[in-house]
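4 protein chains.
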Amino acid sequence: MTGFSTATKGVYAIAATPFHPDGRLDQASVDRLTDFYIGCGVDGVTILGVMGEAPKLDAEESLAVARQVVKRAGALPVIVGISAPGFATMRSLAHGVMDLGAAGVMIAPPSTLRTDDQIVGYFRQASEAIGTDIPFVLQDYPLVTGVMMTPEVIRRIVTDNPACRMLKHEDWPGLEKISAIRAMQAEGRLRPLSILCGNGGLFLDFETERGADGAMTGYAFPDMLVDVVSAAHRGDRAAAHDLFDAHLPLLRYEHQQGVGLAVRKYVLMRRGAIASDAQRTPAGRLTEASKREIDFLLTRLACHDSRANAMILAPV
Amino acid sequence: MTGFSTATKGVYAIAATPFHPDGRLDQASVDRLTDFYIGCGVDGVTILGVMGEAPKLDAEESLAVARQVVKRAGALPVIVGISAPGFATMRSLAHGVMDLGAAGVMIAPPSTLRTDDQIVGYFRQASEAIGTDIPFVLQDYPLVTGVMMTPEVIRRIVTDNPACRMLKHEDWPGLEKISAIRAMQAEGRLRPLSILCGNGGLFLDFETERGADGAMTGYAFPDMLVDVVSAAHRGDRAAAHDLFDAHLPLLRYEHQQGVGLAVRKYVLMRRGAIASDAQRTPAGRLTEASKREIDFLLTRLACHDSRANAMILAPV
Amino acid sequence: MTGFSTATKGVYAIAATPFHPDGRLDQASVDRLTDFYIGCGVDGVTILGVMGEAPKLDAEESLAVARQVVKRAGALPVIVGISAPGFATMRSLAHGVMDLGAAGVMIAPPSTLRTDDQIVGYFRQASEAIGTDIPFVLQDYPLVTGVMMTPEVIRRIVTDNPACRMLKHEDWPGLEKISAIRAMQAEGRLRPLSILCGNGGLFLDFETERGADGAMTGYAFPDMLVDVVSAAHRGDRAAAHDLFDAHLPLLRYEHQQGVGLAVRKYVLMRRGAIASDAQRTPAGRLTEASKREIDFLLTRLACHDSRANAMILAPV
Amino acid sequence: MTGFSTATKGVYAIAATPFHPDGRLDQASVDRLTDFYIGCGVDGVTILGVMGEAPKLDAEESLAVARQVVKRAGALPVIVGISAPGFATMRSLAHGVMDLGAAGVMIAPPSTLRTDDQIVGYFRQASEAIGTDIPFVLQDYPLVTGVMMTPEVIRRIVTDNPACRMLKHEDWPGLEKISAIRAMQAEGRLRPLSILCGNGGLFLDFETERGADGAMTGYAFPDMLVDVVSAAHRGDRAAAHDLFDAHLPLLRYEHQQGVGLAVRKYVLMRRGAIASDAQRTPAGRLTEASKREIDFLLTRLACHDSRANAMILAPV
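Residue numbers (this note's numbering), protein chains in the order written: chain D, 9 to 324; chain Y, 9 to 324; chain F, 9 to 324; chain H, 9 to 324.
These are computed hints drawn from the structure, not numbers from a lab.
Some hints here could point you the wrong way.
Note that identical chains are pooled: a pair holds if it fits in a single copy or bridges any two copies.
Simulated crosslink set (SDA-like; lysine to any residue; CA at most 20 angstroms straight-line) [as the list claims (entries may be wrong)]:
| # | residue 1 | residue 2 |
| --- | --- | --- |
| 1 | K299 | E68 |
| 2 | K17 | G268 |
| 3 | K79 | G47 |
| 4 | K299 | E184 |
| 5 | K299 | N317 |
| 6 | K299 | A246 |
| 7 | K299 | R80 |
Build the full structure now, drawing on both the sequences and the hints.
So this is what it looks like as structure tokens:
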């Protein structure tokens with residue numbers, strides 16, 4: 009099955025979009041990267057998010073990427089980011105990717121929204137515009153969008169829109185928000201909702217303990233995310249934190265606005281998941297000093313996690 | 009010829025995009041509105057700007073509107089807004105409309121830009137991305153974009169990019185900026201550049217006196233804009249101000265963020281230029297109270313400008 | 009009586025703070041300006057707002073200005089802006105000026121507030137911090153604060169805080185907000201509340217018709233504001249609009265963010281109300297070109313309003 | 009000597025301001041906390057910053073805190089944050105604290121600044137306003153201020169203002185900015201300047217390696233900061249990173265906008281440095297769940313750093 013539901017648990021990888029150094033889509037790496045994510049044991053893949061350089065693809069390219077990933081992913085659900093300045097573009101892309109077999113779409117609010125009612129109204133209009141039969145993920149990422157949603161606003165959106173099945177939680181700080189939403193559900197004020205956490209995974213250790221169902225983020229070690237979420241869900245707290253803490257220095261380094269994607273693509277390239285760490289313009293570029301710092305962090309990580317070790321042996 | 013140049017003077021109408029009440033494009037009104045602008049004596053038309061509800065059209069619809077307007081406008085130059093979150097979409101649209109016969113494109117900076125270098129760098133990358141042979145208008149509208157460009161930043165952009173032929177000036181307050189740019193040219197520090205003023209025309213009376221070449225805005229009486237610019241350019245200051253002041257109460261009313269487009273489309277409908285004032289979602293709607301206020305302003309305007317008079321007789 | 013109430017009607021002048029060219033407070037002009045406002049027939053004066061350069065006074069100077077104005081204003085109520093980054097400063101200033109005989113204080117929300125609950129919570133905490141016995145004006149000025157309050161949020165603030173007696177309405181566009189608040193009251197959902205409009209007076213003609221009680225703004229012809237509000241309240245619509253429209257070209261010119269205060273002080277100086285148009289740093293300065301434009305507008309205004317005429321004869 | 013210079017190295021603690029649960033200043037804890045910082049081996053203390061709840065103190069209280077800390081700190085330099093909405097308040101506070109024996113002041117730009125010239129102009133005016141003989145720290149914290157300064161803008165500010173002796177670097181991401189500034193100095197384009205890093209210390213491990221002179225932040229283990237900077241400066245890279253990494257899970261937890269100060273005060277209280285973790289309103293509060301998470305992090309930290317161990321034995 010390629011669906012996702014309000015009961016979805018586990019890890020969805022936010023997929024990078026691989027390019028050749030000259031800016032063309034690297035189709036071979038699209039397959040290789042999809043295979044890599046599958047090999048990491050993820051439960052789904054999310055494409056065409058901000059970290060997938062979605063705005064740098066035109067309409068045709070977006071569909072081409074979606075087609076290829078959906079096909080390669082097979083039974084693995086694929087969610088597609090469709091955020092755009094207007095509903096017409098969102099509807100076109102949503103219909104296009106659902107026809108291709110996507111499991112659903114993801115929508116972030118535009119940065120112009122301010123009041124509670126504006127935010128709630130936007131998602132009602134957006135769901136109507138794309139079709140209320142298309143399942144969607146509500147993306148809550150104030151650091152990037154500037155839009156702040158209270159738990160009550162999220163409750164209203166979820167209640168208004170049956171098609172909303174999942175919250176991509178990446179508020180920061182955001183632990184109390186998870187607790188507040190889970191409390192609403194315990195009180196019967198809110199229907200079931202899957203919560204996967206983004207924000208680079210920076211608080212994943214505690215987010216799972218607060219009630220999150222897992223992660224949806226693009227950290228270049230999705231296999232670590234899978235293991236941390238799995239340990240947390242089986243109650244092995246020490247294992248979850250030990251593994252998470254071992255990765256935290258690198259994860260924190262990747263969690264830098266602007267340049268973070270460059271770090272991520274560089275590590276994915278070093279792990280052999282993509283052929284080049286090229287980004288389309290505009291892009292934050294890594295200096296040699298930054299690359300040396302990442303290599304240093306990988307070397308240190310290798311003492312704790314053999315996956316880093318294996319990677320270091322791979323040719324750069 | 010359908011070109012525009014650094015010497016362009018006069019009035020470019022920011023065109024509304026006509027919709028049927030059910031949201032479909034109103035193609036008959038696209039022609040009617042284009043004819044209306046020609047009848048008003050404008051020197052060009054700009055389509056797919058923010059006030060043309062560009063983000064509410066998908067890629068195909070954008071091209072369809074451009075094709076129809078360019079064809080109907082005949083010898084009149086048509087400029088097309090291509091601002092988008094990423095260069096790929098901008099390049100696709102720019103190439104598409106230039107192939108159709110557009111005179112050039114217009115680019116506003118994304119709201120994430122802050123430093124001088126970021127702004128300058130953005131326009132260099134944008135011009136390279138769409139092709140440096142495509143003439144473009146630099147849109148400077150801080151109230152909407154949040155991006156503030158000093159005269160020096162504009163000088164750098166214009167100097168960097170030979171394809172930049174015109175400034176759509178809509179900074180507010182902005183009179184000193186026009187003077188500063190013209191002073192740079194007088195000092196030989198800046199090459200020729202057409203300056204057309206937007207911002208709803210709220211300071212057009214003085215902008216022409218400071219050295220602007222005219223207006224590029226969507227006020228529902230483009231014929232007034234044409235007359236004001238014409239009077240200013242022939243040195244008839246009293247005539248320019250008298251006509252401008254007669255329109256100022258309505259112009260000020262139309263110059264309301266969010267609801268302004270509803271006012272504009274309502275007046276265009278009342279003038280018979282479009283069949284319906286419908287907007288696509290999301291849209292600011294006019295209440296009955298607002299419509300009565302606009303009607304009141306039109307009645308008062310009719311005492312000063314017979315064009316308003318003629319319109320009032322038209323069937324609503 | 010020096011109070012203001014939920015039934016207050018008329019015009020409150022937002023007072024400028026007069027400085028000598030060297031930056032010292034100009035105490036003689038403080039008296040002269042207060043007399044000028046009284047002579048204009050205003051119903052109250054508001055000091056230490058943004059346009060009163062409040063942040064450029066230290067704590068002692070703020071109290072000194074308040075002391076002098078309250079004393080000179082006699083029976084005329086004086087409201088004092090106390091907005092500050094923290095409650096301690098607000099409390100100190102509020103207590104200080106109430107002890108001096110101020111009628112109340114005015115509070116604008118800090119620009120960091122986003123969600124409805126944050127805004128409502130802020131005003132509850134602010135009122136508690138300064139003392140719930142101190143009457144306050146709720147300032148709603150999104151263009152400057154970035155904080156957007158729905159009518160429902162205003163209802164919650166007014167209902168929460170018995171000390172809130174007045175709304176300084178300067179949302180833009182804002183006509184529907186006045187109608188919405190008045191409708192809430194008609195439905196019995198909101199207690200009485202005075203609404204005085206700011207935003208430079210740019211929509212005062214219609215604001216009074218929508219139910220506003222008058223104006224609280226600093227336009228340099230407060231006597232015009234008094235006459236417009238008076239005409240509107242006695243139902244003489246034509247007189248109100250005719251006078252308003254005659255002033256609109258100048259009023260619009262004064263309504264420029266940043267440089268607007270320089271325009272205002274220049275006209276006040278030309279009217280003889282203050283000795284110098286000096287501002288403390290940082291300040292938007294008028295160029296010679298701007299001064300000529302203002303003089304031109306005053307000359308044109310004199311054809312419609314003899315008050316402008318009288319002023320022009322005054323020595324500059 | 010109580011001065012700081014362009015050659016200052018080491019760690020300045022951003023001091024919390026201790027309150028009693030009822031909101032009064034806790035003077036005993038002011039002394040105790042100052043002693044704690046001295047005991048941690050810091051090279052200076054910075055008071056009345058954002059994390060010192062400066063906006064929640066009125067003018068008198070600010071001076072009282074400064075007086076007490078300066079006296080208790082003895083030979084240790086004390087820097088005082090003076091950022092305020094206007095220069096008059098800044099000047100008053102600056103003169104007041106310098107008279108008390110402060111080593112200098114710290115200035116952050118107001119959030120309204122946008123263009124390079126506005127930022128440069130602000131600091132020139134600010135230094136003139138407070139007096140060009142008062143040494144100041146330039147605070148560069150875009151995440152909080154919204155103001156983005158390029159290395160070139162920093163170069164202009166430092167060059168313009170001889171009184172600027174230090175950069176509080178807390179841009180994020182910000183490693184390249186340190187390298188860029190140091191490169192300017194190597195090229196002879198910029199005079200000497202101390203760089204201490206804030207931003208909660210989140211990248212301190214690499215910041216020192218990029219050329220920073222140390223840290224100026226409020227992490228509740230200033231003794232760790234001292235050891236990390238010391239290890240880095242003596243070239244013991246492994247020791248610096250090992251210690252830093254051991255603290256990173258807690259440091260990351262403290263580095264949460266809004267609630268971070270509550271975390272910090274809670275840990276300072278657990279370490280016995282202050283009597284209560286009370287904050288004045290408005291304040292982010294810790295839930296019981298959060299406290300348990302912090303305690304858990306402290307327990308884990310104790311395995312790596314005996315200082316955490318010692319603290320856990322202290323009575324709560």
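Here is how each hint holds up against the structure:
1. K299 <-> E68: Intra 33 angstroms, inter 42 angstroms, cutoff 20 angstroms: neither.
2. K17 <-> G268: For K17 and G268, the Cα distance exceeds 20 angstroms both inside one copy (26 angstroms) and across copies (29 angstroms).
3. K79 <-> G47: Within one copy, since 16 angstroms is at most 20 angstroms while 54 angstroms is not.
4. K299 <-> E184: Classified as between; 12 angstroms across copies, 35 angstroms inside a copy.
5. K299 <-> N317: Within one copy only: 17 angstroms inside, 36 angstroms across.
6. K299 <-> A246: Between copies only: 18 angstroms across chains, 31 angstroms inside a chain, cut-off 20 angstroms.
7. K299 <-> R80: Answer is neither: 31 angstroms inside a copy and 45 angstroms across each miss the 20 angstroms cutoff.
Hint compliance for this structure: hints 1, 2, 7 are broken, all remaining hints hold.
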